[in-house]
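Here this note's numbering is used: the first residue of the sequence shown is 1, the next is one more, and so on.
Since the hints were made in silico from the structure, they are not lab data.
Please read all numbers here as calculations on a predicted model, not as lab measurements.
Every residue, glycine too, gets a C-beta built ideally from N, C-alpha and C.
You may find that some hints are simply not true.
[Unchecked claim] Quick list of simulated restraints, FRET-style, between CB atoms: (1) R180 to L267: 28 to 36 Å; (2) S244 to Y462: 42 to 50 Å; (3) E150 to L463: 19 to 27 Å; (4) L263 to I322: 45 to 53 Å; (5) D491 to P441: 31 to 39 Å; (6) R402 to Y329: 52 to 60 Å.
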Amino acid sequence: MRPADLPLAQRLSPSAMLLLALALAAPLLAYRDTLMSMVAIWNRSETFTHQYLILPISLWLMWRQRSELRGLAPAPFLPALALVAVCGFGWLLGELADVQVVKHFALVCIMISSVITLLGLRIARVIAFPLAFLLFAVPAGEILIEPLIEFTADFTIGALQMTGIPVWREGTTFVIPSGRWSVVEACSGVRYLIASITLGVLYAHLSYRSRWRQAAFILLSVVVPVIANGLRAYLIVMIGHLSSMQLAVGVDHLIYGWLFFGLVMFLMFWIGGFWIDPKKAAPPTPPEQAHHPVPTPALGFAGPGNARLLLCAVLTVAGIGIGPVYAGYMNRLDSAGVPVRLELHSPSWNDGIAFTYWTPAFHPGVADLNRFYRRDGMQVGVYLRYYREQRPGATLVSSVNRVLPEKGSPWTRTGNTVRSEAIAGPAGQALSVREEIIQGPTGSTLIWRWYWIDRRFVENDYLAKLLQTKSQLEMRGDDGAAVFVFTPISDGPEQARQTLRSYLNDNLAAIATALNNNGKP
């Protein structure tokens, strides 16, 4: 057999192999800040600590396929460059909107599409699962926290009532004869769910060949931890109740939770082991793929195969770099150094005294305004937080931005819903707000909050991000603000709502003016 007839993998020059390795590493170098933000989340969140293992597991899974990979030649697939470009544009949108999870998914997808582009479809098919498994390295899932908290609270309270224990509920906080309990983020079970899905997908791939069995076990890995977390919460409350609040009320209740989760996962995998498919015998290596020693090629990119690889690698690296270069150009167009001045005038309302010392647990902005007003026995507080040149840790729309901090707050949230209010003032409009009720040292407070972005008031996080991205693409910066109006609850929530309606009828236009005076036209 002539050297030219051997698989390309045996004919690549050292320079070509080096270029291939550099091209595959290019996404990690070009998007280093995005990679570091993923690592930072792995470090600080117990929910995602296991994601350090994803890359080693993916490499091990590729190593298991070495018999199938042996002899396959890298055959650059130029049409996949379009996929690289699409993923790069997705990263750019995530950068402009400052949505970390979009940037993280885009980075992993850029890596996967780069492998397809440089190594070709045949090799990509063999290592398809290890490549797809890299997606589990993305720290995603926080969007599930709120619905999981609600489900856990519903499950726990329902189970307590079925047990015969009377329960008084207020939001996700409830009281039983032995004490008061709250279902908070740590009780949502999101960390159990994410770990279970990751393990379930890996176990299904390694244990089953049938797609139906794989799908069934993955579905089981989704349903079981959700139900098990509700049962775990119920058992912890029962332990605290039966021990007169001596057990399962501190860090030990987290320990009980992990022990229970470990037992549930063990039982799930043990049961799944009864349906493991018999191992498939490895196919014999075809004679034409046997190793044939050839002279070591000279350095350089001589030959049509290496020239094609060189072209593909250059185009791939260029496509990878477009996003970060354009994002850097956009960032230089921001309103650097321009001060923000928030001035709010409410002539029909008098200045009032502070009736609460609550402030939102949002990322810091570039300017804040906190005012209190009163009229005819009504009291209203207004809080504006303005954002410009947003960056990680200083963003307007973020999953970590809440009315109350996750831990250590003297207040508890007892209500959370979305409302549409018809505001009848000069800026008459339908205003969507998120209503939240908190209870704490200064009593109960009703809060309406929403965003100001692109000279519009919106409540929905996703719409807010879209408007922020649109403003960035139109080169009008990333300015935005969080708006809070709040009032004490004395005669029930409806009376408090009427107070806020009365204030906004007179002053919503003034709030819009205070914000519009700082935004770009």
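Hint by hint, here is what the structure shows:
1. R180 to L267: 28 to 36 Å: holds, 32 Å
2. S244 to Y462: 42 to 50 Å: Holds, since S244 and Y462 (Cβ atoms, about 46 Å apart) stay within the stated range.
3. E150 to L463: 19 to 27 Å: For L463 against E150, whose Cβ atoms are near 22 Å apart, the range 19 to 27 Å holds.
4. L263 to I322: 45 to 53 Å: holds, 50 Å
5. D491 to P441: 31 to 39 Å: violated, 20 Å
6. R402 to Y329: 52 to 60 Å: The hint (52 to 60 Å, Cβ to Cβ) is violated, given that R402 and Y329 are roughly 34 Å apart.
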